[in-house]
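Combine the two chains into a complex, taking the hints into account.
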Amino acid sequence: MSNYKMHVLVCGGTGCLSADAAQIVDNLRDEVKAAGMDGDVQVLKTGCFGFCEKGPIVKMLPDNTFYVQVKPEDAKELVAEHIVKGRKVERLLFEDPETSERVSDSKNMDFYKKQMRIALRNCGFIDPDNIEEYIARDGYQAIGKALTEMTPQQVIDVMKESGLRGRGGGGFPTGLKWEFAMKNEADQKYVICNADEGDPGAFMDRSILEGDPHSVVEAMAICGYAIGASKGRVYIRAEYPLAIKRLEKAIDDAREYGLLGTDILGTGFEFDIELTYGAGAFVCGEETALIHSMEGERGEPTTKPPFPAESGYWGKPTNVNNVETFANVPVILLKGAEWYGKIGTERSKGTKVFALAGKINNVGLIEVPMGTTLREVIYDIGGGIKDGKKFKSVQTGGPSGGCLTEKDLDTPIDFDNLIAKGSMMGSGGMIVMDEDDCMPAVAKFYLEFTEEESCGKCTPCRVGTKRLSELLQLITEGKGTMAHLDEMKRLSRVIKDSALCGLGQTAPNPVLSTMEAFWDEYEAHVNDKKCPAGQCSSLLQYFILEDKCIGCTKCARVCPTNCISGEVKKLHVIDQEKCIKCGACMDNCKFKAIIKR
Amino acid sequence: MAKIKSLDELLKIKESAQSKVDLRVKGENIDDLVQIKVAMATCGIASGAREIMNFLIEEAGKQGLDNVVVTQTGCMGYCYAEPTIEVTLPGKEAVVYGNVTQEVAKDVIEKTIKNGELIDGIIPKTHKTIDE
Ligand SMILES: Cc1cc2nc3c(=O)[nH]c(=O)nc-3n(C[C@H](O)[C@H](O)[C@H](O)COP(=O)(O)O)c2cc1C
Ligand code: SF4
Ligand code: SF4
Ligand code: SF4
Ligand code: FES
Ligand code: FES
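Chains as they are written, first to last, in this note's numbering: chain H, 1 to 597; chain Z, 1001 to 1132.
DSSO-like cross-link-like pairs, simulated, lysine-lysine; straight-line CA separation at most 27 Å:
id, chain 1, residue 1, chain 2, residue 2
1, Z, Lys1026, H, Lys107
2, H, Lys496, H, Lys304
3, Z, Lys1014, H, Lys145
4, H, Lys342, H, Lys114
5, H, Lys85, Z, Lys1106
6, Z, Lys1012, H, Lys249
7, H, Lys249, Z, Lys1005
8, Z, Lys1003, H, Lys231
9, H, Lys592, H, Lys530
10, H, Lys466, H, Lys530
11, H, Lys114, H, Lys389
12, H, Lys160, H, Lys231
13, H, Lys581, H, Lys548
14, H, Lys529, H, Lys596
15, H, Lys114, H, Lys407
16, Z, Lys1026, H, Lys33
17, H, Lys88, Z, Lys1026
18, Z, Lys1003, H, Lys145
19, H, Lys160, H, Lys145
20, Z, Lys1026, H, Lys335
According to the in silico footprint, chain Z covers these stretches of chain H (three or more CB under 8 Å from chain Z):
id, region
21, 60-66
22, 84-94
23, 127-135
Facing chain H, according to a computed beta carbon distance under 10 Å, are these residues of chain Z, among others:
id, residue
24, Glu1009
25, Lys1026
26, Ile1030
27, Val1070
These aren't lab readings, by the way, just hints derived from the structure by calculation.
In this text the structure is predicted, and so the values were computed from the model without any measurement.
Built from N, CA and C at the ideal position, the CB exists for glycine as well.
Chain Z on its own, in the form it takes in the complex (with noise of 0.2 Å):
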């Protein structure tokens, strides 16, 4: 590690140190923000969830949205819609889009996220998750 040898590159350390522990902030305060939820089951994953979950999180950060929480979650039971994501904006119902592709993925933050409007794909929701 060189030394840091001034204020402004001790700022730089922290900006990129920031995301580390970014997620952490960001879970104080969950309920006030957008909250993407990414099937990572085994089939989720086959279909590649993975892949969209890092596109949703980069695409966010490219767009400086810091109000956007992208995790990954079970199974939700729509192993025929693979990949499956949940969106939940502050205050609303969450609903679940099937089938997500990365135009999917970017129409829910383009329409969704930014604008709260809803897209197609949704499924109705029938799964429930321990905390309800």
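For reference, chain H alone in the conformation it holds in the complex (with noise of 0.2 Å):
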């Protein structure tokens, strides 16, 4: 065995990756050979820190200290300073935003501190590709527990005290579900991981696979034994090629450990798992329809029940869980289920992985307790509002959820709260809004998303939403009306009772949440054809200001319709009547003359 003194880890998810982390691997490598100290120092390649907004990642062990950005060609100085001589390299080191200090220790990083690692906990930590890692890190231990020491009622039990619920979207108690599928006999059951990830901007589930995905593959068999079967699937999107190279590197190794396949461990217990690829495709990821896509029929939802429980994957009794609420299982097992209860709220146990983006300082991938506030998660983690703006809003839930403001920040976060504030958890997305962001614009977004995304199975939904994305353009573009908004609102309604999957009853959240909460900017489109935020164009007017113009003529010059009149070193003026919004008068005014409102 080698005895490594040093560990180099570099981020190998695909944030990391699209900016050449496997060139600042190969560069560690050799430097470090170059130095003669390929025994005592070990680079290797992890999976994503979540702090993918400042990667490519390095971070040095045991003292802990991280590099952020770093560059191929920085492999020769950070192998020369820090590994030989022991100096840390300052300008790779985190330059907090607040103070503008050097932090080189992740442990006190804001975006490190308030977080708890459980579903991520080898994320960043392991070789993904060394089941060996896994396994020193208790992995493939409690399969090995659930196998010799506890009968599938226990298991199920355990999985139920806990209070886990599914991280998919519905929040469903995990353990009830096991448990609903192990009551129905048959001769053959399955398994199902839902890897379809469609919530635009979420990557919780990716990050998971790439970074550990040996304890998906261990959940599924621990499920496996749980519920009576044999054989799992994990029904993963085709464009996340880097997690499926992972996830089938891992399932091989484990056939190969004797930890999938036949009797494993000793103990006559069989799994398997198999991939199926999915097209990406938003509803596909609604367990009925994933289930008929998987079957090779067209991934359209059907109603339940049946339920998958009872009818699933070719009509047989099936229990589909998401990756992240997977990830939770093989912890859970080990360290029992009062551990677990102690952490989170009331009603929601445990931690939530969350995708921070939009308008945050620090945007990356997160795991907080279930209670921490919206406030906590975007100021303290998130390093608060981009360049200085102000919060305006933030989006919780994907394209099933809807917008929380200001008053809502300090609402703990967990399933009920969220949908108590009219929106909800979804699988994790979270997009952080400013001053800058139109309202009615991001609902037009979402509905634009849900309308491409219907199956078009069923008329509330195929017709319903395409009308609702209709009213939002026109709503944008200033034509709309008083009554347009009402009857945005009684479609809305109308769609939610009617629709026949959680895609259409879902669809027109981020419509109600914005009115509801940003009623006076919908007013504003509607009565002033004013866009408050400034972003809808058809909205705006282009003015030249008085005291700033000089008269210098480029606009006159660069505007396509000619409508800027002005004499050489005089005031000009836009003919409002005549122009078309392209900006690109305000774009060459040298002066900042001309503003638009």
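This is the structure in structure tokens:
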């Protein structure tokens, strides 16, 4: 066994790899070798550290030094300075945006201080391609414990007592779901892992599969034991090539080590996993549609009941869980329901992974205990709003969710609280918006997404979302009326009540929640024909400021419709009738004399 | 790789694999651990620092001292007294020992690390590292 005295962890997540992380690994290895230290220093590629905004990330251990935005050409200096001479490379340390101080230890970074990593426990810590590193972190001990010490019912009881709820969006109690599948007798049952992850901006599941694929493999086997299934399937979107590669390797290695296949750990238990690739349609994440898609049918939902636990894949009892849900299972089994139950809120136990995005300083992947407030997430972990702008809203729950505002910031995040505030947890996308974001336009963005992704099977969703997005189009163009707003409310109710599946039932949520919280903005678009956030281009007007214009004539020369008039060295004026709002004048005025509002 | 046929076999693999990630786990709570830094710049290596380092790691392992992290560091500026090591007990000031032989290293483990006693051979700290 080699005795490495230093470990250099380089993020090998999709984000960092696309910024040359693989080259950094190679260069670091070369430099370490050149320094004659290849037996002393181990350079390895891990999963995502979560701090993707500042990637590629390189972490040095044991002294916990966290380097950000590393480039391949920095490898030489990192080895020569940090490794050989023991001096930190100051310029590559993270700079705290508030204090402008360099922080070297990730423990002291605000981004990590309030986080608690359970589902992401191994991401950014182990080499995901090395099964032994997973085993070293107690990997496969939970399945060992289940097989040798527990009955399936006992496994299910632990899951029930832990209070774990599904992380795929619905929040259904996991233990209860397993129990239903167990109780339905059949010659064959299935465990399905839902790795479809269709929400725009979400990448929680991808990161778990890339950074710690064995945790999902192990959990699926545990579920198989609990419900009496010998076959597992992962439904994963084909546009996740790295996650697929890591998962395939994990399954192969587990098989080779005898942790999948027949007679697992000498107990006679049999379980194996295969992958099914999805084409990446949002509706295919809905469990009945997903099952149809796996069977080679069109990915269209059907009514429930029957639930998959009763009649799922090929009509057999099937348990469908989300990737993040599974990632929690082995830890819960090893540490116990009581330990898990102490984390989180009364009715939402444990932690939740969120993909933080939008107008926020620290964009990335975070995991926090349930009950952490939105304010803590946005300001403490997220580092506040970009460019000192004012916070306006945070969108949670993706296309099924809603927008929360300033007054909701102190809400402890959990399944029930978010619903009570008119949004939802969803799968964990969290998009922060500032004063420059126009809320009717945000609603329009989500409606265009659902309109596009609707499978078309039922009329309320197929036609309804189209009509809703057309109405939003009118509003943002300044052609809306108060009657249109009433019509949007009514239509939203109808779609919610009559659509067949969750996609249609939740599609109006972004409309309803923005209308509720930002009614004045809708009114401004309709009555005053103004976009207060200055986003809807049809409602903007360009003006020339009298005190700033020096009459250089530049604007008049670039204007494609020749609607600017004025003499040399005199004030210029825009003819609003003829202006097509192309913005060319504003971009070209060197004197900042042109504004839009 | 032969198949793992029982939970016991799995635990054995875990034990042998653990040392691979052990250093990383320790890094997470390094402030609570005893840190020994061995100066491993050119002149350190030339005077036997690597052997001292390996000896310290093995000895700590043999004695089951899992609260010790041995790492290498760069030039501390005491070329006349190589091999040099710096020992930091949790919450205490770091002390530097010079001319470390295997006997000294053994004493460091027995007396300093196990009992918190200082031993002969301390050199007054004159260097500063960038973290200070
Ligand atoms: C339109 C729609 C899309 C969905 N997309 C996903 C998805 O991408 N991933 C996922 O795990 N669950 C998704 N779900 C929820 C699944 O139907 C199902 O509830 C979930 O996979 C169950 O796992 P859980 O109990 O572990 O959350 C979606 C539901 C709907 C209605
Ligand atoms: S609600 Fe929409 S996505 Fe769901 S079945 Fe109906 S048309 Fe298809
Ligand atoms: S480019 Fe600017 S300064 Fe020049 S005439 Fe136009 S508005 Fe005035
Ligand atoms: S926005 Fe375009 S069309 Fe309107 S005044 Fe400026 S350059 Fe002319
Ligand atoms: S991909 Fe590297 S930190 Fe997320
Ligand atoms: S190189 Fe050994 S003390 Fe400087």
